[in-house]
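**Student:** Listed here are the chains, written in short residue letters.
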Amino acid sequence: MATEVLMPALSPTMEEGTLAKWMVKEGDTVSSGDILAEIETDKATMEFEAVDEGIIGKILVAAGSEGVKVNTPIAIMVEEGEDADAVVTAAPVAAETPVAEAPAPVVPAAPAAPVASVTLEPDYPDGTELKTQTVREALRDAMAEEMTRDESVYLMGEEVAEYQGAYKVSQGLLDQFGAKRVVDTPITEHGFTGVAVGSAFGGLRPIVEFMTFNFAMQAIDQIINSAAKTLYMSGGQMGCPIVFRGPNGAAARVAAQHSQDYAAWYAQIPGLKVVQPYCASDAKGLLKSAIRDPNPVIFLENEILYGRSFDVPVLDDYTVPFGKARIWREGTDVTIVSFGIGMTYALEAADKLAEEGISAEVIDLRTLRPIDYDTLLGSVMKTNRCVTVEEGFPVASIGNHLSAYIMENAFDYLDAPVINCTGKDVPMPYAANLEKLALVTTDEVIAAVKQVTYR
Amino acid sequence: MAARRTTKKPNVSKEELLSYYRDMLLIRRFEEKAGQLYGMGLIGGFCHLYIGQEAVVVGLEAAAEEGDKRVTSYRDHGHMLACGMDPKGVMAELTGREGGYSKGKGGSMHMFSKEKHFYGGHGIVGAQVPIGAGLAFADKYLENGRVTFTYFGDGAANQGQVYETFNMAALWDLPVIFVVENNQYAMGTSQQRSTSSQEIYERGLAFGIPGEAVDGMDVLAVKAASEKAVAHCRSGKGPYILEVKTYRYRGHSMSDPAKYRTREEVQKMREERDAIEAVRQLLLTGKHATEDELKAIDKEIKDVVNEAADFSKESPEPALEELWTDIYADA
Ligand SMILES: Cc1ncc(C[n+]2csc(CCOP(=O)(O)OP(=O)(O)O)c2C)c(N)n1
Ligand SMILES: [Mg+2]
Chain A
1 MATEVLMPAL
11 SPTMEEGTLA
21 KWMVKEGDTV
31 SSGDILAEIE
41 TDKATMEFEA
51 VDEGIIGKIL
61 VAAGSEGVKV
71 NTPIAIMVEE
81 GEDADAVVTA
91 APVAAETPVA
101 EAPAPVVPAA
111 PAAPVASVTL
121 EPDYPDGTEL
131 KTQTVREALR
141 DAMAEEMTRD
151 ESVYLMGEEV
161 AEYQGAYKVS
171 QGLLDQFGAK
181 RVVDTPITEH
191 GFTGVAVGSA
201 FGGLRPIVEF
211 MTFNFAMQAI
221 DQIINSAAKT
231 LYMSGGQMGC
241 PIVFRGPNGA
251 AARVAAQHSQ
261 DYAAWYAQIP
271 GLKVVQPYCA
281 SDAKGLLKSA
291 IRDPNPVIFL
301 ENEILYGRSF
311 DVPVLDDYTV
321 PFGKARIWRE
331 GTDVTIVSFG
341 IGMTYALEAA
351 DKLAEEGISA
361 EVIDLRTLRP
371 IDYDTLLGSV
381 MKTNRCVTVE
391 EGFPVASIGN
401 HLSAYIMENA
411 FDYLDAPVIN
421 CTGKDVPMPY
431 AANLEKLALV
441 TTDEVIAAVK
451 QVTYR
Chain B
1 MAARRTTKKP
11 NVSKEELLSY
21 YRDMLLIRRF
31 EEKAGQLYGM
41 GLIGGFCHLY
51 IGQEAVVVGL
61 EAAAEEGDKR
71 VTSYRDHGHM
81 LACGMDPKGV
91 MAELTGREGG
101 YSKGKGGSMH
111 MFSKEKHFYG
121 GHGIVGAQVP
131 IGAGLAFADK
141 YLENGRVTFT
151 YFGDGAANQG
161 QVYETFNMAA
171 LWDLPVIFVV
181 ENNQYAMGTS
191 QQRSTSSQEI
201 YERGLAFGIP
211 GEAVDGMDVL
221 AVKAASEKAV
231 AHCRSGKGPY
241 ILEVKTYRYR
251 GHSMSDPAKY
261 RTREEVQKMR
271 EERDAIEAVR
281 QLLLTGKHAT
291 EDELKAIDKE
301 IKDVVNEAAD
311 FSKESPEPAL
321 EELWTDIYAD
331 A
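Line by line, the protein sequences give chains A and B.
So that you can map any letter, position 167 of the first sequence is 167 in our numbering, and since no number is skipped, the others follow by simple counting.
So that you can map any letter, position 61 of the second sequence is 61 in our numbering, and since no number is skipped, the others follow by simple counting.
Please keep in mind that the hints were generated in silico from the structure rather than gathered at the bench.
Glycine included, each C-beta is placed from N, C-alpha and C at the ideal position.
There may be inaccurate statements among the hints.
Unchecked claim - Partial pick of chain A residues on the chain B-facing surface, computed with a CB cut under 8 Å: (1) Gly194; (2) Ala196; (3) Asp221; (4) Gln222; (5) Asn225; (6) Asp293.
Assemble the whole structure, with the sequences as input and the hints as a guide.
**Tutor:** Following this line, the structure appears as structure tokens:
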């Protein structure tokens with residue numbers, strides 16, 4: 001029986017990859033464990049091994065092909081005497097669009113990225129040259145630029161140097177800046193966070209990368225008790241200029257211990273600044289501001305957003321100030337306010353609502369401490385309705401706080417109660433269908449908007 | 001590489017002995033005064049006195065050079081006085097006044113002085129240990145030849161972050177001296193009841209960090225050990241551990257039922273091992289000073305402490321606007 005060899009998913013969030021190199025050729029006999037090909041993902045280059053034995057009947061995707069979708073057939077394996085061509089025509093592009101029931105490789109549950117419709121109020125002048133960049137590249141560039149600008153800035157974390165970053169965000173930094181300034185640490189979050197805080201007291205400007213923010217829970221005492229509170233406790237003498245950054249929130253199919261949004265936790269702490277960017281230009285401009293800030297900054301990234309591309313201004317020194325929301329889309333009927341990956345649902349909902357004649361204004365808070373209350377209130381006073389969107393847990397969420405703030409400051413303007421769309425009040429399940437249910441969805445945002453607009 | 005105990009005594013001059021005597025006495029009288037002010041309700045909250053342990057910090061500081069850093073726990077008054085911080089500013093912080101080192105916003109456990117390279121004053125047991133290594137990380141990065149004294153207790157020695165820090169400090173050859181102030185108790189828990197292996201100075205061996213135990217009731221022994229540790233760190237050989245065996249005479253903090261040890265145990269230490277008394281005897285038997293001269297020093301120190309106490313009472317409480325300042329540094 002001839003079988004198709006499918007493009008594998010080599011990481012939880014991989015949607016496509018480059019087939020870098022075939023290690024076998026047509027006619028070769030392979031047995032299980034033999035390396036068939038080298039596949040490049042956005043994170044790493046990996047070897048892809050044969051599971052079954054057989055003969056490589058036909059290679060369907062040539063070496064060097066980019067953007068090969070997960071589950072696309074890349075070769076046909078045949079048995080002695082079989083004809084591969086016959087099989088190809090017999091099974092035409094069967095797995096081109098993977099079906100949900102498909103057994104093997106993981107289909108990431110990443111939400112589709114809606115294309116932003118309008119970008120209002122960008123933080124750069126009209127006519128600025130733009131280039132397309134992923135969030136990942138934008139973050140790397142921000143660090144490289146700031147490390148070039150200031151010798152006291154260094155990067156520390158697990159796998160940031162020789163491995164080039166667990167999520168490839170620090171790619172190339174070791175080569176550019178050397179091991180003194182790009183420091184691989186042991187797996188010791190509590191300890192290295194304390195060391196970094198001490199070095200900030202001692203005059204350096206550390207960037208601490210947490211492999212993901214889930215692991216920062218081991219270090220939260222140093223973040224809050226040491227980094228955030230010392231300026232106050234020292235009567236203003238001893239500041240802590242430090243950035244804690246890394247992926248935060250749900251990735252895909254990594255279940256409860258690796259899928260949590262910490263926005264609300266950190267946003268509660270006086271002494272911290274909290275940033276959660278959505279697009280690449282904000283990721284870059286806000287990270288540069290974070291590194292220059294004399295205070296501890298929590299910089300919450302998102303693994304699913306790392307690979308998304310956006311326009312980024314081509315400027316020598318592009319920074320985005322904290323405490324200034326961005327209006328992505330103007331509207332009159334309802335204000336949808338979100339941040340980070342929540343923006344994908346907010347913007348997608350706004351697109352669909354527009355088709356139904358509902359005009360939504362979409363606000364990206366960008367920073368959660370400080371929060372741009374003025375922009376939020378201004379919008380709610382205009383639309384008289386508000387829906388908040390975030391991936392985090394519902395109890396004591398950012399949305400809860402925004403609702404209370406709006407109620408206290410714009411009660412008379414509200415034509416409906418504010419609705420918070422959040423992740424569900426459950427640990428993140430592993431099963432694909434349950435995971436989907438646990439996350440906030442575009443449909444929920446649309447339903448909430450219809451509820452507050454009484455449609 | 002060996003972990004070992006030393007009690008070697010160096011030759012010592014009259015001037016040196018007198019300066020240790022002064023420094024230790026200042027700490028003791030200051031702490032006695034703080035205890036008094038606490039009793040009068042002028043100091044609130046937690047207040048951890050250093051009485052009995054004076055020789056530790058004074059001996060260690062004797063080997064420090066300008067620019068060297070220090071960081072410790074909440075039992076920090078002695079460390080601040082020993083590195084030259086103003087007793088007035090320290091006492092006024094204890095009373096929560098504007099004239100305190102943290103403008104009254106830190107209190108007994110949280111004080112800092114950039115000028116004197118004193119990095120706190122930390123209320124979370126063990127948290128200062130990686131911070132101390134981080135200060136050393138910065139010094140190594142800046143190539144400034146400084147070392148950091150990182151003090152922690154026998155109780156703190158059981159925190160996981162201490163060993164995370166030992167590993168990194170050894171891995172990166174950080175110029176940090178880990179000073180374990182083993183006063184035999186963590187609140188009411190004796191070291192025997194909390195610690196599987198009693199020799200804390202040996203705990204660096206697994207990481208390749210040399211360590212030694214020192215008699216912390218003997219300021220000269222502490223000083224000698226400190227010189228050795230400092231030389232080791234400053235020469236770029238990485239961290240060093242000193243376990244200084246000491247004893248606190250007072251309770252853990254001001255409200256301590258003291259049911260975990262006998263009165264006799266405390267009394268015996270005070271009578272037989274007191275570090276200040278030992279130096280006093282050296283001064284007298286070596287004919288370096290007369291009773292009268294020492295009395296004059298006692299009086300001088302009493303005056304300094306009284307002045308600090310007066311200042312701490314007269315300094316006003318912080319202005320109410322201070323509630324909202326120093327939360328963020330201006331970007
Ligand atoms: C993480 C943490 N746990 C518990 C406490 C409460 N606590 C304060 S001091 C102390 C005992 C510490 O003893 P040790 O390290 O020997 O220092 P010493 O007080 O003897 O100087 C405890 C349990 C704390 N402050 N921080
Ligand atoms: Mg103790």
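**Student:** So, for every hint listed, does it hold in this structure?
**Tutor:** For each hint, the structure was consulted:
Proximity of Gly194/A to chain B holds as hinted, the smallest CB-CB distance being about 3 Å (cut-off 8 Å). Evaluation of the Ala196/A hint against chain B yields a held restraint, the C-beta minimum of about 6 Å falling below 8 Å. At a threshold of 8 Å, the smallest CB-CB gap from Asp221/A to chain B is about 6 Å, leaving the interface hint in force. Because the beta carbon of Gln222/A sits about 6 Å from the nearest beta carbon in chain B, less than 8 Å, this interface hint is met.
With a least beta-carbon distance of about 5 Å to chain B, the hint placing Asn225/A at the interface is held under the 8 Å criterion. At a threshold of 8 Å, the smallest CB-CB gap from Asp293/A to chain B is about 5 Å, leaving the interface hint in force.
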